[in-house]
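*Asks:* Sequence:
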Amino acid sequence: MNTATQASSNSTSLDTELLQLCKAGGDALRLQVLRVLSRDAYSVQELCHILDCRQSGMSHHLKTLTVAGLITKRREGNSLFYRRTYTPSLPELSALHDALLGSADLIVLASDQQQRLEQVYLERAERSRVFFAEHAGEFGEQQEQMVAYGVYGQSCLELLRSSQANGGKLAIEIGPGEGAFLAELSPHYDKVIGVDNADTMLTRANEFINQQALSNVSFILGDSRNANLQQNAADCVVSNMVLHHVPSPAEIFKDAARLLKPGGIFCVTDLCRHDQSWARDACGDLWLGFEPDDLTEWAQASGLQDGPAAYLAQLNGFRVQVRQFIKPDHVQLHTKNRSV
-14 MNTATQASSN STSLDTELLQ LCKAGGDALR LQVLRVLSRD AYSVQELCHI
36 LDCRQSGMSH HLKTLTVAGL ITKRREGNSL FYRRTYTPSL PELSALHDAL
86 LGSADLIVLA SDQQQRLEQV YLERAERSRV FFAEHAGEFG EQQEQMVAYG
136 VYGQSCLELL RSSQANGGKL AIEIGPGEGA FLAELSPHYD KVIGVDNADT
186 MLTRANEFIN QQALSNVSFI LGDSRNANLQ QNAADCVVSN MVLHHVPSPA
236 EIFKDAARLL KPGGIFCVTD LCRHDQSWAR DACGDLWLGF EPDDLTEWAQ
286 ASGLQDGPAA YLAQLNGFRV QVRQFIKPDH VQLHTKNRSV
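Numbering (my numbering), first residue to last: -14 to 325.
No lab work stands behind these hints: they were computed from the structure. What you were told as hints is all true, and nothing was included just to trick you.
If you anchor each label on the Cβ, the simulated ranges turn out as follows:
1) 136 / 314: 27 to 35 Å
2) -1 / 290: 29 to 37 Å
3) 39 / 11: 14 to 22 Å
Ideal Cβ positions, reconstructed from N, Cα and C, are used throughout, including at glycine.
Based on the provided sequences and hints, a complete structural model is requested.
*Replies:* Okay, here's the thing in structure tokens:
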């Protein structure tokens, strides 16, 4: 292909992509979809419920947004979930792509839409809470079918020690399970807090901590939005094998960014994307792992920067990502206040 032909082809592609972006942004419901997806991924059925739209109409709008490169889809078990795409197909359209997403964030949903959005979130959270309440005693055994704590715990600790060798004043672990990693944090931080929304799991973690006689560890029954957690106070926030259980993984990143002091570290260990759907029933998983880029995008959207990472391959087909994200100490972070 000669230079003139290549230039003509590139121009045609740009024109087509530009038209698709403009078309996608030219409908009120599609903009509301983008607004809803700013929080996390949702299925077609959930989007229909939140925005009170028939599935046939919603599917048409989702196709238009997908063709424009504003959203992408992936299968989670038997359902397709849609989420935003933060990287445009053509770099030349980055400004328009980002402007569309940023402008959609300014949309104020109607009160009934907001209520239905929160209802979806709470229903997801309740399914997870009920699972752990009913299976607390056997969860450790079920979890080891996927990835044992002994596989990722040491890697997470070594990565944290290499980045924060002197420890600090406060460490927070979201979803501490039976408390094993709390015991690793305790010698290096003046105060350690474990946060969990399942009281049965928190009871087991508390029993373990009492057996270890760790006097600087305390617990909060709730989630990472709990009002008792002080903002800009934590040296590190830890989330080990938790994201695939929570209703909104992106919100955990926002919460971590809010809780961390400047220079603080968010430590995340979780499964890479997989297709072993049995984990939903056996281990209460809401999500079948995540692409590494998913975590990076959520971190960047929360004002966090990529840090060190390690990837652990398992013989049973699962792959684990051990990641760190850093809250910059030279930037004033601003989080948007929303009613959902």
